[in-house]
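Chains A and B are the protein sequences, given in the same order. In terms of the numbering used here, the first sequence is numbered consecutively and its last residue is 328. In terms of the numbering used here, the second sequence is numbered consecutively and its last residue is 781.
Quick caveat, the hints were computed from the structure, so don't treat them as lab data. Only a predicted model underlies this, so the values are computations on that prediction, with no experimental measurement involved. Heads up, the beta-carbon is just placed ideally off N, CA and C, and yes, glycines get one too. Just so you know, not all the hints are guaranteed correct.
[As the list claims (entries may be wrong)] The calculated SDA-like cross-link candidates involving lysine to any residue, where the alpha carbons are at most 20 Å apart (straight line), are:
id: 1; chain 1: A; residue 1: K108; chain 2: A; residue 2: I94
id: 2; chain 1: B; residue 1: K144; chain 2: A; residue 2: I94
id: 3; chain 1: B; residue 1: K198; chain 2: B; residue 2: R232
id: 4; chain 1: A; residue 1: K223; chain 2: B; residue 2: H157
id: 5; chain 1: B; residue 1: K144; chain 2: A; residue 2: T273
id: 6; chain 1: B; residue 1: K144; chain 2: A; residue 2: K108
[As the list claims (entries may be wrong)] Short, incomplete list of chain B residues facing chain A, as computed with Cβ under 7 Å:
id: 7; residue: R145
id: 8; residue: R146
id: 9; residue: N776
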Amino acid sequence: MSTTSLPLLSPQLLAQLERLELVTRKIFRGRMKGERRSRRKGQSVEFADFRNYVPGDDLRFIDWNLFARLDRLFLKLFLEEEDLHFYCLIDASRSMSFGEPSKLQFAKQLAAALGFIGLCRADRVKLEALGSSRTQPGPALRGRGSMWRMLEYLDKIEPDGSTSLVDGIKDFALCNSGKGIVVLLSDLMDKQGYESALRFLLAREMDIYVIHILAPEEIDPEVQGDLKLVDCEDGDIAEITVSRPLMERYKRTLAAFIESAREFCTRRGMSYLMSSTATPVDQIVSGYLRRKGLVR
Amino acid sequence: MSGLEFLPSFMQYAWYWPWLVLASLPPLLVLLYFLKLKRRPLEVPSTFLWHRTIEDLHVNAIWQRLRQSLLLFLQLLFFALVMLALFGPGFKGRESISERIILLIDTSASMSATDLGATRLDEAKRQAEEIINAMDDNEREAVAMIVSFSDSARVEQTFTKNKNVLRKSLREIMPTTHTSSLDEALRAAAGLANPGRTGSASEGDVAPANPEPATMYVFSDGGFRSIPDFKQGTLTTKYVKIGDDAADNIAISGFSTERNPENGKMQAFARVENYGPKEVTTDISLFVNGEFRDAKRAELPARGTNPGAAGVEFDLHEEDDGVLRLEVDYKDQLPLDNTAYAVLSTARPARILAATDGHFPALNWALTTEEAQKISQTEFVKPSYLDEKKYQDDAASGLYDLIIYDRCAPQAPPQANTLFLGIVPPQAFPGWPAGEPQNSPQVIDIDKVHPLTQLVDFNNVRVVRTLVVHKPKGGLELIEADVGPLYAIGPRQSFEDAVLGFSFMSKNEAGEEEANTDWPRRKSFPVFVMNAVKYLGGTGGHGGMASVQPGNTYAIRTVLPVEMVTVKPPNGQPIEVRREGQNVINFSQTDETGVYEVREGSGTKLGQQFAVNMFDARESDLKPAADLRIGHDQIEAVAKQGNQAARKELWKWILLLGLGIVLFEWYIYNRRVYL
Chain A
33 MSTTSLPLLS
43 PQLLAQLERL
53 ELVTRKIFRG
63 RMKGERRSRR
73 KGQSVEFADF
83 RNYVPGDDLR
93 FIDWNLFARL
103 DRLFLKLFLE
113 EEDLHFYCLI
123 DASRSMSFGE
133 PSKLQFAKQL
143 AAALGFIGLC
153 RADRVKLEAL
163 GSSRTQPGPA
173 LRGRGSMWRM
183 LEYLDKIEPD
193 GSTSLVDGIK
203 DFALCNSGKG
213 IVVLLSDLMD
223 KQGYESALRF
233 LLAREMDIYV
243 IHILAPEEID
253 PEVQGDLKLV
263 DCEDGDIAEI
273 TVSRPLMERY
283 KRTLAAFIES
293 AREFCTRRGM
303 SYLMSSTATP
313 VDQIVSGYLR
323 RKGLVR
Chain B
107 MSGLEFLPSF
117 MQYAWYWPWL
127 VLASLPPLLV
137 LLYFLKLKRR
147 PLEVPSTFLW
157 HRTIEDLHVN
167 AIWQRLRQSL
177 LLFLQLLFFA
187 LVMLALFGPG
197 FKGRESISER
207 IILLIDTSAS
217 MSATDLGATR
227 LDEAKRQAEE
237 IINAMDDNER
247 EAVAMIVSFS
257 DSARVEQTFT
267 KNKNVLRKSL
277 REIMPTTHTS
287 SLDEALRAAA
297 GLANPGRTGS
307 ASEGDVAPAN
317 PEPATMYVFS
327 DGGFRSIPDF
337 KQGTLTTKYV
347 KIGDDAADNI
357 AISGFSTERN
367 PENGKMQAFA
377 RVENYGPKEV
387 TTDISLFVNG
397 EFRDAKRAEL
407 PARGTNPGAA
417 GVEFDLHEED
427 DGVLRLEVDY
437 KDQLPLDNTA
447 YAVLSTARPA
457 RILAATDGHF
467 PALNWALTTE
477 EAQKISQTEF
487 VKPSYLDEKK
497 YQDDAASGLY
507 DLIIYDRCAP
517 QAPPQANTLF
527 LGIVPPQAFP
537 GWPAGEPQNS
547 PQVIDIDKVH
557 PLTQLVDFNN
567 VRVVRTLVVH
577 KPKGGLELIE
587 ADVGPLYAIG
597 PRQSFEDAVL
607 GFSFMSKNEA
617 GEEEANTDWP
627 RRKSFPVFVM
637 NAVKYLGGTG
647 GHGGMASVQP
657 GNTYAIRTVL
667 PVEMVTVKPP
677 NGQPIEVRRE
687 GQNVINFSQT
697 DETGVYEVRE
707 GSGTKLGQQF
717 AVNMFDARES
727 DLKPAADLRI
737 GHDQIEAVAK
747 QGNQAARKEL
757 WKWILLLGLG
767 IVLFEWYIYN
777 RRVYL
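Whole structure, please, built from the sequences with the hints as guidance.
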């Protein structure tokens, strides 16, 4: 891919991203202590509450001062700080290789940007190309120092037509049991439908973001004449004769497709964002996603 | 040819060979139709959306098939049209006209004949419209004008290219009952085709505009005089004969009433003519005031060189007064001349003033006979009365119909007819030269046709002294003698002045009155006086009114000097006519045949009536003229309207239709998602 030569993240973008952090509307239990407060009471320097002692509690947390005054045992509770699991799924089907820059490149940039935000905040970041969960699972990353590994992994992602959207997500869901934020970067152009794929994510009770990536060539195709359209994924053929009414009908179909995806997501508590590859990544991250509440 | 040698010989020249090739095209087209369209492959990220887009089309699959078969049908139709065009279809049409044309349409009475099914005028209009239709739209010079003519010509439409305007003007042409005269129409047409030349001695002739050649079509049955003094110039005349040579027509060519001198009873005379090719026996009915009075049978021989004619005569009763209508009970192709009208009225007695010195009682006797008193009232006055104011007022107001001046003359011409005896009118009467006195004239000739000298026998009359009377311009010499004319009549405005060169008495050298002629002792004298009373008295004398032809002017003489009369045509609204300075009112709207009623002033009392009858042999003769004579040219009739029949090719239009079908097919093909 020619786009691999381009840097995924520019220094200006990095400086911009450093100030952001990933937000989730749900609070999940992280495996390791992280930089974010948890609803769970735990061990930290920040006091949270008292509760009655019950046998078996760690004696180290008994408030002896209270015991002296009230002659009763109380346990001091502290706020627990924990990490966040951030998953970014990149659809690397062949259809993503279209467009200039390609949709895949765009998805990589976006994934890198979001991943970098997570790394900066010591969240657990895992980027993965769909379908590679079994063969080549993405590395779980933490800390700014892992940025280069992340970029290296992203660079290696090549378009591959072997896995469908459903299978890819199913694999991901089976292999990754943790809860957290999932960002799906896809064009949703799967003939088996994207609905069943998204349902797998829903079952994991994750905070799901669907970023629907479309190339300008798809939004407003510039085709002419009698054409035999060949699907790059499965070689399927559609014969068309381009005419103005046909193009109008195509645009109506596209609008209906986007609208149905948006509705599907919204109804199920997923955040949906349609984005053209013509929109700059920094604008999406600091603009759209900020408004959507994914970053702050 | 050598390339075809491998073919069997009968096929080399087979006429159907090209057609076989042509006929194989449609199956080839159908074959081609089964071949898929060659489409350009294009790789796309996903056909997902495209499939959904064209999925709807599959729902309309039946329409798709219909559309396909419609396209095929249209293409086959196109090929069929191309093949049809190659056959070179055409029809027998007329060559388009690309020149200036002038259409002269005859609207005279004979054009109302129905020998061609519709009237001749309708046929003329139809043929003229064909010419208008044949005018070439693309030719700048293809303009036409329309002139209708009967006794006068009327430009219905000046030169124009606009066919709609021409057709409208053509349709608006209505038939008339008038006689026909091509003269004026020709001059109107020639004025536009050959503009007149003006010139002066120094510069020579100057043509104001270039004469432009034009073709003139005359649609007529030719019922008019030849035109000897007309130069066609750049005009090309084509005579389109309208009418059937064997047309059948019976016409009343004359109808009048006269008092029988033997018994004093009124009689009606009619002349009926047969212009048809076969002998006809027909009944002729007379109606008085709409009621049947009598019928006579007339046998009319077939037309030879002249039309077969017969006269009929009816006796009328003394009390008969009113409108006589004569009808021929025969169905022919021109009904217009099968009815004639006459008006029988108790004549208004003529008012006569006789200025005489009374030395000659025979004049008084002749004017006061029983017969004369029936039709006239005569007032005798002395010559000195002419100087009185009463006379001058009465004469100027038109009170008298006739004033007789016996050796005396008025100062100013009266508003009346005059008869001068033994004196030539003074200079106040224009045009009358002074008479020269002569002795013992020998009469050479008498005009026996003129009503004034009808039945007047002058052979045995001797005259001693006379003045030679030279007629004025437009006048007529009635009695001529060796020394010169003795009796002449001349027009003055709407009146007539009759002048007899000698009087009945004359003064001798001694100044005594003595007889100048022995005429009063002859029988012809009272006849002469009665003629003068009847003719100059303006009554006709016999109770029958004169008849005029349609389109001619009828002079209405009123009893009182009224300002206005109301004339009611046979079928129509009353028309008010104003006097123009005389006691004669000229009425010219005599377009219909029938009886016209005249009411004087604003009164409702019927003053007089007059009849308008066709009585025109040229119009009644329905046999169309074989040729026209214009100037020195004899113009033969053309069978139809003259332009050449020509084959009209249709292939251009068929190909154009084919092109339209191909465009339609392309449109459907491109809009197929809607089908």
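Do the hints match the structure? See the list:
Restraint check for K108(A) and I94(A): satisfied, since their Cα atoms lie roughly 6 Å apart, inside the 20 Å limit. Straight-line distance between C-alpha atoms of K144(B) and I94(A) comes to about 85 Å, which puts the hinted pair past the 20 Å bound. Restraint check: the Cα-Cα separation between K198(B) and R232(B) comes to about 18 Å, which is no more than 20 Å; the hinted pair holds. Annotation: proposed proximity of K223(A) to H157(B) holds, straight-line Cα distance about 10 Å (limit 20 Å).
For the suggested pair K144(B) and T273(A), the alpha carbons sit about 11 Å apart, so the restraint of at most 20 Å is met. Under the criterion of a C-alpha separation no larger than 20 Å, the hint pairing K144(B) with K108(A) is inconsistent with the structure, at around 81 Å. Look at R145(B): its Cβ gets to within about 4 Å of chain A, closer than 7 Å, so that hint holds up. The interface hint given for R146(B) is met, as the beta carbon of that residue sits about 6 Å from the closest beta carbon of chain A, less than 7 Å.
The beta carbon of N776(B) comes within 5 Å of a beta carbon in chain A, closer than 7 Å, and the hint placing it at the interface holds.
Checked against the numbered hints listed earlier, the structure breaks hints 2 and 6; every other hint is satisfied.
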